[in-house]
Structures are given as C-alpha cells and as structure tokens.
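Engineer: Take a look at the letters that make up each chain.
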Amino acid sequence: MERRIYFIVGDCLSSTVLAAIGTLAAYQLPTSWPMPIEMGVGMVVGMMATMVVMPLFLFLFGAMEIMVPAMLGSMMSSMVPSMMPLMRGDLPMLLELGAGCGFTAWLFTYLVDGVLHGERRHG
Amino acid sequence: MVDNRTERRWDGTARFYDLLAFGAERRWKPAKQHLFARMQPGKKILFAALGTGLDIAFFPPNQEIIAIDISSRMLERAKPRVAVYPGQMEARQMDICDLDFPDGQFDQVFTSCTFCSVPDPMRGLESLYRVLKPGGELWMFEHTGSKVWPFNWVLDMCNPICRHIGPEMNRDTVANVRRAGFRIQSVNNLFLDVVKTIGAVKSD
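As they're listed, the protein sequences go chains A and B. Heads up, the first sequence is in the numbering used here, so the first residue is 1 and it goes up one at a time. Heads up, the second sequence is in the numbering used here, so the first residue is 1 and it goes up one at a time.
The hints are simulated quantities; they were obtained by calculation from the structure and are not laboratory data. Treat each hint with caution, since some may be false.
[As the list claims (entries may be wrong)] Label pairs and their calculated CB-CB ranges:
id, chain 1, residue 1, chain 2, residue 2, range
1, B, Gly135, A, Pro55, 38 to 46 Å
2, A, Arg121, B, Ser72, 38 to 46 Å
3, B, Gly87, A, Val52, 26 to 34 Å
4, B, His34, A, Met35, 46 to 54 Å
5, A, Gln28, B, Asp103, 52 to 60 Å
6, B, Gly135, A, Ile5, 37 to 45 Å
7, B, Gly104, A, Pro55, 36 to 44 Å
8, B, Arg130, A, Arg121, 21 to 29 Å
9, B, Gly166, A, Tyr6, 22 to 30 Å
10, B, Gly42, A, Arg120, 40 to 48 Å
11, A, Met83, B, Gly135, 56 to 64 Å
12, A, Met35, B, Ala37, 51 to 59 Å
[Said to hold, decoys possible] A partial selection of chain A residues facing chain B, derived with a Cβ cut-off under 8 Å:
id, residue
13, Arg3
14, Met51
15, Val53
16, Met71
17, Phe103
18, Leu107
19, Leu111
All values reported here derive from a predicted model rather than from experimental measurement. Where is the CB? At the ideal position from N, CA and C, for every residue including glycine.
Please put together the full structure from these sequences, using the hints given.
Structural biologist: Encoded structure:
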C-alpha cells in the first residue's frame, strides 16, 4: 500500500480534480434532455474529458493508480449535473460535488487497496 | 518475423514513451528493483520487452541479459542505456510471439508491463515457456484486469478506448500464465489486484 506522501497527495489531487473536470464537461450538455439520457451522455462526455486531461497527472504520479480512481470518480461526478437539476445555476457547488465524488472514489480505492495489497503464495 | 502492425504502433509511441512512463517509473521503482533483484549472476536472462530501456536502471549489475523489443525505434532510444549497463547486455529486435531462440535457452525470463500490450498474450507466454529451461523462472511486473467490482467495470469500460492507444486494461494475465503451462508460485498485489508481480516456474 502506498505510504509516500507525494503519491498519496498526488492520487487524491488527481482524483478530485479529474472528477471535477468530468462534472464541468457534463455541465455543458443541454438541460432540455430527459434526465436518463442526460445522465448517460453526461457520463460518456465526462469520462472522455477526464481522459483528455489525465496525461498531465499520469506524468506526475503514475498510471493505473491514477486512472482507476479517476475514472471511477468521473463516472459518478459526470452524472451530478443531470441529477441535480435545481442546482444547474450554481456551477461552483456542482464542481464541489464533483470533486467530492472524486475524493470518495480515491478513498474507496485506498481502502480496497489496503485489503488486497500483498503477496499470495501458490503451490 | 515481427508483427509489423504492432511494431509500427510502438514505433509511433517511442518518442513520447519516456514522458508517459515518467510517473509510473518513479512510483514503481522500489517494486521493480525488488523484482529484478531476483536476477542471478551466471544465469542466462531474457528481458521482454525493453522499450526505451527505462528499467535498465533498476537491474542489478553483473548480469547476463538478452533484452528484446518489437519496436526498432524503442530499441534505438534504449541504446545509450544498454551501453552503460554494468554487465553483459544485448538488445535485439524480436517479436515475443515468435522468439528466435532455441528451446530451453534461458534460466530466467523477466517482463515489465509487457503482456498488456502483446496482441496475442497466449502465444507470447507459450513462446516464453518454450525458451525457458525446465525449472526456469518467469518473473513479471504487469497490470491486469480486476476481479473486484467496481474496478473491473471501470477497466472494462475504458478498455475499448485504451486498447487503441496502447495497452489492454482487463486481461487475466495470471490465468494466462497458468494456461501457458507455468506453475504460479506467487502473486504480489501492488495496487488493488490490478498492478502486480507474478512469479512462476516452468515445470520440470
């Protein structure tokens, strides 16, 4: 399990920032669409936007360790705008919620990593 | 014979490879050093795939290593790193699925982020099995798919895009190693059950 501060902070930062970017991308979609369609399209658009920005974080902090929580966070965060129609006018609040999704994804990933980490001997 | 399509793909990546791998190499330096510390002097070692040679810095000195890669441009970039390795090292362009070595040539085979990118992983692993001596060791640093929800779902979703850029995200490399005839000795999860080292032997 990761214990170096640089990477712990980097993973957390990547996940929260990339999830917020997912929210921002999904926010650009029209509000007139039915909610399920907006959620589905928003998720795809948000994840694509995350993938475009991700190389910067990959360069700084790693590969799969950045990608897995970031994509998980972005999957959730990009559905935020369509799930919160009453908050459509409050972008900063939506971005905070998106970043919160990223933070949750990072925390969940770290907790599961704590369980799975380590050597299993066979035969 | 080299798979030209795969060669072209990695030739195209060679220029940016060090930049893309910079973070991951920094992160996994201790784990890779630990894995490569299993290289034993006096043994014949095959390393696949060399890429631009970033892993050479983690090799212990005084080993006898033949390193292969499918991409001539990657090998071109690896040249200066091969030249300064304090041991015996030779880099050759070769397809892991079509190894130009006799049977039972090597005591140890090492791979590093290789089997996410080999188009036909079973052929590649069977090829490694063939060139290993009976009782020979296979040591791998790989990323694979996950068996844990929701990570397996995320990796499955990303795979159609990622496979066009470079690696496959959801391969079951441990099962593939077993299917190729190896006996798995250890699996060490480094990040979730996604990034891991795998130790296996060729049965006598």
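Engineer: Any hints this thing doesn't respect? Which numbers, in order?
Structural biologist: Violated: hints 3, 10, 13, 15, 17, 18, 19.
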